[in-house]
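Visitor: Protein sequences, first through last, are from chains A and B. All the letters of the first sequence, read from the start, carry residue numbers 1 to 608 under full-length UniProt numbering. All the letters of the second sequence, read from the start, carry residue numbers 1 to 608 under full-length UniProt numbering.
Please note that the accuracy of each hint is not assured.
[What the hints assert, rightly or not] Some chain A residues flagged as far from chain B (calculated, every beta-carbon gap over 12 Å): (1) VAL68; (2) GLY252; (3) GLY400; (4) ALA588.
[Unchecked claim] EDC-like mimics (lysine to aspartate or glutamate), calculated; alpha carbons at most 16 Å apart, straight line: (5) A:LYS142 / A:GLU94; (6) A:LYS242 / A:GLU253; (7) A:LYS480 / A:GLU403; (8) A:LYS43 / A:GLU83; (9) B:LYS350 / A:GLU253; (10) A:LYS242 / A:GLU66; (11) A:LYS67 / A:GLU207; (12) B:LYS298 / B:GLU139; (13) B:LYS591 / A:GLU582; (14) A:LYS591 / B:GLU582; (15) B:LYS585 / A:GLU582; (16) A:LYS350 / B:GLU530; (17) B:LYS232 / A:ASP351; (18) A:LYS521 / A:GLU594; (19) B:LYS350 / A:GLU531; (20) A:LYS350 / B:GLU582; (21) A:LYS232 / B:ASP351.
These are computed hints drawn from the structure, not numbers from a lab. The structure presented is a predicted model; accordingly, all values stated were derived computationally and were not measured. All C-beta atoms, glycine included, are put in the ideal place defined by N, C-alpha and C.
Here's the letter readout for the chains.
2 protein chains.
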Amino acid sequence: MTYRQTTEFFLYDWLNVESLNQRTRFADHSRETFDSVLDTCEKIARDKFAPFNRIADTEEPWFDGEKVHLPESSHAAARAFQESGMLAAAQDYEIGGMQLPCVVEMAANSFFSKAGIGIGGGGMLTSGNANLLMAHGTELQKQVFARNEFAGRFYGTMCLSEPQAGSSLSDVVTRATPDGSDFESDPFGPRYRLRGNKMWISNGEHELSENIIHLVLAKIPDAEGKLVPGTKGISLFIVPKKLVDAQGQLTGERNDVALAGLNHKLGYRGIPNTLLNFGEGKYPVRGSAGAIGYLVGKAGDGLRCMFHMMNEARIAVGLGAATLGYAGYEASLEYARNRPQGRPMGVGGKDAKQPQVPIIQHADVKRMLLAQKSYCEGAVALELYCARLVDELHTGDEAGAKEAHLLLEMLTPIAKSWPSEWCLEANSLAIQVLGGYGYTRDFPVEQYWRDNRLNMIHEGTHGIQALDLLGRKVVMDGGKGLALLASKMNGTIERAMAVPELAAHGNALAGALKAVGNATKSAWATGNPEEALANATPYLQAFGHTVLAWIWLDVALCARRQPESDLTQGKLAAARYFFHYELPKVPAWLKVVETRDDTCRSMDDAWF
Amino acid sequence: MTYRQTTEFFLYDWLNVESLNQRTRFADHSRETFDSVLDTCEKIARDKFAPFNRIADTEEPWFDGEKVHLPESSHAAARAFQESGMLAAAQDYEIGGMQLPCVVEMAANSFFSKAGIGIGGGGMLTSGNANLLMAHGTELQKQVFARNEFAGRFYGTMCLSEPQAGSSLSDVVTRATPDGSDFESDPFGPRYRLRGNKMWISNGEHELSENIIHLVLAKIPDAEGKLVPGTKGISLFIVPKKLVDAQGQLTGERNDVALAGLNHKLGYRGIPNTLLNFGEGKYPVRGSAGAIGYLVGKAGDGLRCMFHMMNEARIAVGLGAATLGYAGYEASLEYARNRPQGRPMGVGGKDAKQPQVPIIQHADVKRMLLAQKSYCEGAVALELYCARLVDELHTGDEAGAKEAHLLLEMLTPIAKSWPSEWCLEANSLAIQVLGGYGYTRDFPVEQYWRDNRLNMIHEGTHGIQALDLLGRKVVMDGGKGLALLASKMNGTIERAMAVPELAAHGNALAGALKAVGNATKSAWATGNPEEALANATPYLQAFGHTVLAWIWLDVALCARRQPESDLTQGKLAAARYFFHYELPKVPAWLKVVETRDDTCRSMDDAWF
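Construct the entire structure; sequences and hints are all you get.
Guide: Dropping the structure here:
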């Protein structure tokens with residue numbers, strides 16, 4: 001099966017995405033228009049991304065003191081991506097968008113991440129930045145910044161982390177002070193001067209676009225000049241690299257934002273990752289140091305604005321991890337089909353006089369390929385399911401939107417974390433299938449593995465997703481979200497019980513779901529977050545495997561309803577793999593959660 | 001604890017290595033002499049290896065058409081290693097050795113692999129090569145080749161794989177034909193001309209030593225000029241890069257061995273990995289093409305000779321994987337102690353007004369550190385246990401040697417595979433502890449992770465170890481090896497049952513051991529290797545975790561007997577981690593083994 005065939009199966013057969021066309025927003029769409037978007041993206045990815053993925057890795061971004069240089073092929077890929085219109089795919093027609101459902105947009109964009117995740121300027125960041133402005137910006141902010149981002153004229157960044165704070169956003173110390181006495185009369189909104197350092201900023205400096213629009217978290221000092229501790233004091237600002245006028249034209253003024261350095265990474269090398277200095281006076285602007293920034297939304301509301309976009313960003317990260325895994329699966333499948341080595345093991349041993357067979361005939365190679373298929377296709381299905389929920393959130397009726405919101409709250413930590421762990425494992429298996437060749441840079445699999453290792457770190461580490469899930473999501477509103485998710489799973493289980501071939505899977509999932517429920521209660525039995533959360537990560541792993549088993553069972557039900565084909569057989573086999581080889585791991589992870597095991601948290605520093 | 005402290009605890013307190021000094025061979029040794037070897041190696045590793053580990057990675061070996069170049073720091077490290085005498089550490093005094101026990105030799109060498117696994121010319125290969133000649137070579141072969149290798153004047157390689165054969169040695173097609181009518185009268189033994197290509201040859205070309213001694217597997221054609229299919233037709237040859245006379249002096253003749261290319265790898269970059277052409281005529285020698293090689297042992301006995309050294313080589317690979325894991329553990333522990341970020345989660349949430357705490361105070365960071373400790377120290381303990389068995393094999397009484405042989409047969413697949421999988425996972429956790437910093441090349445952890453990924457591939461892949469274990473080792477001699485290993489484990493379990501604190505671990509291990517035994521029987525219940533071996537890898541994983549639980553329980557018993565200290569508390573905590581977080585995974589792996597699950601082996605190519 002090709003990735004395209006599997007994607008279409010998920011979109012049309014499983015998620016019934018065509019039914020969205022009955023909604024006003026998508027009324028002009030049809031399977032044909034969706035397919036043509038997929039065609040376009042698949043083609044650009046094949047022609048402009050895939051052939052240059054290794055170059056993006058070997059020719060790392062470099063800084064000549066003024067400009068950051070990327071390979072010409074990355075510029076060409078970025079141009080082709082811009083021209084595809086995908087930056088504005090989900091936007092209204094009237095601002096140049098396609099009014100595409102999120103689920104189709106994500107599926108179409110996944111061709112790019114599969115072909116070259118570090119190439120082309122990271123469109124997701126730019127459209128995410130612009131989407132945030134569409135939700136929280138003023139009319140002029142939308143008009144000038146968001147629309148030029150959707151058009152690809154400007155690119156966007158998200159500036160959250162700082163060297164001393166990392167994931168701990170409450171410790172942000174970038175300061176925003178009013179810029180002059182007329183600071184409140186700027187057409188772009190209250191105008192501030194920002195001073196501080198931002199770390200880990202993807203695409204913080206490059207020449208791919210006319211301008212770079214930084215969205216920056218900073219604190220406005222109180223009357224005594226002090227920063228408010230915690231996240232409540234954080235505000236959000238638009239800080240363009242080059243200042244623009246109300247018509248969106250560059251004024252010729254360079255803002256006081258300077259590249260302090262590029263990070264040299266293990267993977268994802270096509271994307272320049274930067275340390276940025278705001279307002280240190282390297283580029284004094286309008287007569288003084290300090291980066292000019294315009295407040296977005298209300299002061300103190302910065303984190304809420306930023307997190308508005310977090311669900312979609314996390315789904316996108318998960319889908320990127322899934323497609324990286326899938327790329328390795330494809331490469332190792334091709335290798336296994338073409339590499340002759342060894343002979344089948346029969347009752348009488350091996351017959352060395354026979355010719356060698358392609359290694360795909362060996363059971364252990366099949367196991368490694370099927371594991372990859374099960375991880376990566378399962379992950380793609382999960383991400384598309386979540387993207388479909390985003391559509392429900394935006395265009396469903398009130399009850400549907402409410403339900404979608406709650407399900408997304410529950411599933412986002414899994415959508416972010418699960419593929420980043422298991423599709424990385426898939427990439428390792430792809431290396432293993434290729435053996436020594438997989439360990440060389442002559443084949444792409446080692447790069448996929450390096451690239452994918454980022455995904456457990458950025459957009460909230462694994463540990464942070466785990467705290468979010470067990471510390472907030474499963475307990476919020478008295479456990480309403482968990483109850484809703486369980487009811488969805490139970491629906492699938494019930495339908496599976498009616499299909500003899502899938503009934504055992506249904507039973508197994510019911511058992512896992514019950515175990516997760518019990519572990520959730522046991523973890524919180526003492527009400528002490530320190531005890532409950534000490535094993536949040538194993539809980540996240542168990543929860544994730546349970547969710548994926550549910551996704552696979554639901555996909556299997558869909559495959560079972562169709563006429564038998566190689567595709568449906570493959571999906572049923574991948575589901576079976578997941579139930580037989582993966583789901584049994586759940587009790588092992590839950591054991592320490594249930595018992596509130598304190599082995600780790602009681603570990604003394606001196607004993608290490 | 002430092003690595004040195006832990007190593008000494010394993011050597012002296014747990015394995016009671018000093019008792020070896022009662023044996024004649026080691027009579028001149030004492031804890032003082034052992035410690036002084038450890039001192040020397042630790043110091044050289046710290047001064048000559050560790051500071052240059054990144055350089056060995058970034059300045060890859062390169063070929064100017066004639067010579068392979070390595071960084072000067074790698075030459076200096078190789079010189080220091082040679083001068084340490086460690087190449088001949090285990091050899092007799094009379095040939096310049098130290099008569100060091102294998103377990104002390106391995107422990108001492110582990111400082112080098114921890115400091116820079118790709119630096120210094122891979123002494124293990126050279127001494128392994130020479131050891132093989134000591135076991136199977138003629139007096140002159142030992143005198144000229146082995147002794148110069150032990151002295152570091154010559155370096156060695158092992159040439160097994162070929163491009164078309166990979167792990168399938170029965171498909172080796174390198175041909176060895178008699179070199180002239182007087183081929184049997186060469187003082188070095190029967191002289192042949194070899195023609196063929198060898199792939200994945202570590203240290204196949206370099207300037208670190210005066211000469212390179214290749215040990216090459218090749219086939220001698222039968223009377224009709226045909227190669228015998230299968231492994232029985234394989235013979236072993238000494239093929240020096242430069243020919244030498246019976247006094248070991250270079251004759252000035254270059255042998256017909258040519259570098260065809262260097263592999264560019266994901267890691268382990270300090271070691272040149274080569275494709276070698278034997279006998280293609282690039283360097284005609286004595287008037288004709290064909291690489292001159294001298295038969296070692298009997299014709300057709302090549303694989304047996306080669307595998308004679310395999311146990312020690314595989315233990316060394318496992319120990320290398322363990323020390324790479326440990327290096328990451330050290331780096332991430334240091335980072336976690338020094339990096340302030342976030343605040344403890346209390347009943348009332350977090351107090352943002354408090355200063356940030358070092359991340360080692362967070363439970364999830366402690367979990368990641370303790371997991372690393374448990375994986376890596378456990379792996380080191382296992383490897384030293386195996387090395388101690390090698391000493392028993394060589395210097396024990398008859399019964400002891402026989403038992404050691406059988407235990408080594410059982411444990412070698414685990415010693416090779418387990419650290420290569422789980423200390424790689426440790427390296428990934430080290431990256432995770434460092435977060436974004438861990439993903440940059442400014443910190444060493446990403447390199448350890450890349451380096452360690454090799455270990456599941458070379459010296460027999462994971463899949464091959466699994467087939468060896470379930471296909472041969474556990475069934476040989478009617479299951480004698482498994483029974484012996486089980487009796488050793490039961491001894492530990494019995495002792496643990498008498499210690500209240502460890503009794504639960506003892507019960508858990510007994511359960512796992514029973515499950516492994518049952519799964520072994522079920523796998524072979526039909527007697528069909530295809531069915532039995534389809535899930536050999538999950539079996540290997542379950543078996544490995546059971547073995548490591550046993551090792552940890554035995555180590556815990558030793559720690560428990562000592563006065564309480566940070567070291568003993570740490571060992572007990574790491575054991576507890578293994579029993580609570582890791583051992584419960586065993587049933588998940590065994591499930592498919594017990595049921596001879598055919599999901600993978602029945603997977604149709606077209607369904608992928």
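Visitor: Taking 16 Å as the top limit, are the C-alpha atoms of LYS350 of chain A and GLU582 of chain B close enough?
Guide: violated (36 Å)
Visitor: Taking 12 Å as the cut and beta carbons as the points, is GLY400 of chain A off the interface with chain B?
Guide: holds (33 Å)
Visitor: Find the nearest Cβ of chain B to the Cβ of GLY252 of chain A and say whether that gap is larger than 12 Å.
Guide: holds (35 Å)
Visitor: Going straight from one Cα to the other, do LYS242 of chain A and GLU253 of chain A come out at no more than 16 Å?
Guide: Holds, because 6 Å separates the two Cα atoms, which is no more than 16 Å.
Visitor: Minimum Cβ separation between VAL68 of chain A and chain B greater than 12 Å?
Guide: holds (17 Å)
Visitor: Does LYS591 of chain B pair with GLU582 of chain A here, judged by a C-alpha cut-off of 16 Å?
Guide: Roughly 10 Å separates the two Cα atoms, so the pair holds.
Visitor: Within 16 Å, alpha carbon to alpha carbon, are LYS350 of chain A and GLU530 of chain B?
Guide: holds (11 Å)
Visitor: Taken at face value, is the distance from the CA of ASP351 of chain B to the CA of LYS232 of chain A at most 16 Å?
Guide: This hinted pair holds, its Cα atoms lying about 12 Å apart.
Visitor: Tell me if the straight-line CA distance from LYS232 of chain B to ASP351 of chain A falls inside 16 Å.
Guide: holds (12 Å)
Visitor: Tell me if the straight-line CA distance from LYS142 of chain A to GLU94 of chain A falls inside 16 Å.
Guide: holds (13 Å)
Visitor: Check whether the Cα positions of LYS350 of chain B and GLU253 of chain A lie no farther apart than 16 Å.
Guide: violated (43 Å)
Visitor: Given the hinted pair LYS480 of chain A and GLU403 of chain A, is their alpha-carbon gap at most 16 Å?
Guide: It holds: about 10 Å lies between the C-alpha atoms, which stays within 16 Å.
Hints 4, 9, 20 from the list above are not met by this structure, while the remaining hints are.
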